[in-house]
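Protein chains in written order, with the numbering used here: chain E, 1 to 247; chain A, 1001 to 1246; chain G, 2001 to 2214; chain W, 3001 to 3076.
Worth flagging that the hints you see were computed from the coordinates, not collected in a lab.
C-beta atoms are modelled at their ideal positions from N, C-alpha and C, and glycine is treated no differently.
Among these hints, one or two may not hold up.
[To be verified] Quick list of the computed label-pair ranges, beta carbon to beta carbon:
id, chain 1, residue 1, chain 2, residue 2, range
1, E, Gly150, W, Leu3010, 27 to 35 Å
2, W, Gly3014, A, Ser1010, 27 to 35 Å
3, W, Arg3056, A, Trp1123, 57 to 65 Å
4, A, Trp1179, E, Leu33, 31 to 39 Å
5, A, Phe1140, E, Ala217, 45 to 53 Å
6, W, Gly3014, A, Trp1179, 53 to 61 Å
7, G, Arg2017, E, Gly78, 47 to 55 Å
8, E, Glu46, A, Trp1122, 49 to 57 Å
9, E, Ala217, G, Thr2162, 57 to 65 Å
10, E, Ile65, G, Arg2017, 17 to 25 Å
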Amino acid sequence: MPGTETPMTDTEAAMPFHREPRGGLMVALRATLKRDLVLLLRRRSEVLNPLVFFALVITLFPIGISPDPELLATIAPGLLWVAALLAALLSLDSLFRGDYDDGSLEQLLLTPQPLAALGLAKVAVHWLLTGLPLALMAPVLGIMLSLPAGSYGILALSLALGTASLSLIGAIGAALTVGLSRGGVLLSLLVLPLYIPVLIFGAGAVQAAILGDGVAAHLAILGALLAVTLMFAPWAIAASLRISING
Amino acid sequence: MWTFIHKLGSPRWFYAISARLQPWFWAAAALLLLVGSVWGLAFAPADYQQGNSFRIIYVHVPAAFLAQSIFVAMAVAGLIFMVWKIKVADMAAAMMAPLGAAMTFIALFSGAVWGMPTWGTWWMWDARLTSMLILLFLYFGVIALRGAFSSRDSASRAASVLAMVGVINIPIIKYSVDWWYTLHQPATFTVTSRPSMPMEMWLPLLIMLLGFYSFFIALTLMRTRSEILRRESTKRWVRDLAAEEA
Amino acid sequence: MPLRLQARELACERDDRRLFEDLDLDIRAGEIVRVEGPNGSGKTTLLKILSGQLADYRGELFWNGVPMRRVRGDFLASLLYLGHAPGIKAALTPLENLAWYQALADEPGDEAARLAALEGVGLAGFEDLPTGQLSAGQQRRVALARLDLTPRPLWVLDEPFTAIDRDGVAALEARLVAHARSGGCVLVTTHHELRATDELRRIRLGGGGDDARH
Amino acid sequence: MAFASFNEFLAMGGHGPYVWTSWAVTAALLGGIVIHARSERRQLLRNLQRRARRERRLAGGRAPVSHQRGGHVDDT
Chain E
1 MPGTETPMTD TEAAMPFHRE PRGGLMVALR ATLKRDLVLL LRRRSEVLNP LVFFALVITL
61 FPIGISPDPE LLATIAPGLL WVAALLAALL SLDSLFRGDY DDGSLEQLLL TPQPLAALGL
121 AKVAVHWLLT GLPLALMAPV LGIMLSLPAG SYGILALSLA LGTASLSLIG AIGAALTVGL
181 SRGGVLLSLL VLPLYIPVLI FGAGAVQAAI LGDGVAAHLA ILGALLAVTL MFAPWAIAAS
241 LRISING
Chain A
1001 MWTFIHKLGS PRWFYAISAR LQPWFWAAAA LLLLVGSVWG LAFAPADYQQ GNSFRIIYVH
1061 VPAAFLAQSI FVAMAVAGLI FMVWKIKVAD MAAAMMAPLG AAMTFIALFS GAVWGMPTWG
1121 TWWMWDARLT SMLILLFLYF GVIALRGAFS SRDSASRAAS VLAMVGVINI PIIKYSVDWW
1181 YTLHQPATFT VTSRPSMPME MWLPLLIMLL GFYSFFIALT LMRTRSEILR RESTKRWVRD
1241 LAAEEA
Chain G
2001 MPLRLQAREL ACERDDRRLF EDLDLDIRAG EIVRVEGPNG SGKTTLLKIL SGQLADYRGE
2061 LFWNGVPMRR VRGDFLASLL YLGHAPGIKA ALTPLENLAW YQALADEPGD EAARLAALEG
2121 VGLAGFEDLP TGQLSAGQQR RVALARLDLT PRPLWVLDEP FTAIDRDGVA ALEARLVAHA
2181 RSGGCVLVTT HHELRATDEL RRIRLGGGGD DARH
Chain W
3001 MAFASFNEFL AMGGHGPYVW TSWAVTAALL GGIVIHARSE RRQLLRNLQR RARRERRLAG
3061 GRAPVSHQRG GHVDDT
């Protein structure tokens, strides 16, 4: 111990500015959710671009392969899933980029609240404004690919569940690359291999629905994947953000 | 315990101890690979189904095993680096990544070549080959991420985190790919899952496996020593050492 | 006053570049500590270490006599850090920006307090404009409004005077002194020469003569 | 010995090209890796020695310069 004072054991001692924490984590979480929602809604193009991209990619396939409805129907589940996955990927780079550039991320690291929880709030907003709209839009594109009837609900549901995992896993990559000036392509390289299990079970669920098999198992596994990513990803995101900001 | 860990973590100590270990592993690797190759290529009996093309197994399987083990080793080294801040662990992890990618490539290449006499095509979306391909991309990701940072400290930490994230995902990827494969290709013949192998086929495989692992350890020791010279080049002991080895 | 930030034998090495070593610090309530040094001497790094952002250092930190690791949450709850970048969102209005910081700092969302804080930094009338439409100096003032909005004893300010006009600089300097006199503590880097007061203390980093190296 | 003659050994029962390419590529890669590791090490030692010589010359007989404190960056 430097200095002459005896070490203080009671850290709550009379500090002039000290106050007991009040609203705590919930206040901070709610404010972060609200702020990110407002931010994204003010820059509507960032919400719309992935959706337009999704529609565009789906348009390319009939042109590139064949307009034959039967052929399209067989590959539709995979196509829809891959295109949605790429669209979700497209929006990832901006997840932390803005906060990194203007210094808010630094401030986020310095709140007494756990960074993992605040990061999770940001990911939740990302999913709400990319994953969920993609899931809702997919059935419309499914019609254009002559997706067999009876699988539309499962398509939307599996995408909604799956994109939540995708947002979480992708956020790890986004956090790792946010400090790099050209992190976009690298981000895809890091994140896409990790997306494969979600793709397998997501597209599998739609296929099972078309074949008339039970989809419960697929959806259960998608849910399990989400649970596992929910458990691990926030910590990885927090650790990655600290690395990106301070090295 | 703590002092031991940190002693082990000191580059200088590691440099000295690895100098003594290295020759043994090189010798073991050379011997095992030589014996395993001759035995596997010339003495092991031909497979009753695949004939002599099965001899590819002696490079394919060890490479595939090593490819996965190296990723795990890399993640463990990353964990050690992140928790105990032991730099040697990160140097080793940095040196393991390219070797792991090379092993994955060997496994993929030999698997594809093996596919020609077995399936009649160079590439099949076989579960194991697909998993290997994904593993190769994971290696590329780690290597690329490490290379993308201008600060080496940041690069080390980022690569460690990614390796750990990857290692959690590898079993998930493996199981989902297996599941996907059985769904789409029910009960076709997979090259590498062999129910029972006679001893004369199995023993050379074991020897090759040990040889590959010895090679990995020897090479990692050697390249980590080089990396120590590179990163610690401003340190006094490294300079003295360089003068000595002139 | 039990407000005390100490560092013992602090050393930092980044990518084999030694920024500083054997640094002993003892910062108490009522002080303004200016960290000085040439470019690349590690001023920002030191501030980041002392504000608990960077864990990559040797030596030890104590907050009120307790090792930093054990009281990190408590320390962060007494800290206000302003970095190079102001941390202000261009698409949000000053009020919205401050509301977020208020919530992060565990303050109740009181609009009156936010308005008062904005008025205090001379931004009355700009409360509802998107911050992106304000000048760089005004944006920094939004960040500076946090000094009043979320009272914290320890201020760590990295170049707070950047882009601020002369009147603003004088007001901010007076604000720092007032904070120190009321029992707070300020840790600051700046190229602006601070007026010598009883509260001001200097810490110099980096040897002379190698200014131009980095 | 699983083969009656050397030619049979090379032919591998018709699978020769496949077996030998796999093995050759593996051997080439492993060999290449070893050669690369050796040359890397030699190169590093050479660089260290070159730098040591240069510093001795610069020091001109004085004690070798070790570390400077502060924001010192090595030029190499």
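Worksheet item: Broken hints, numbered, in rising order?
Response: Hints 1, 2, 5, 6, 8, 10 contradicted; others consistent.
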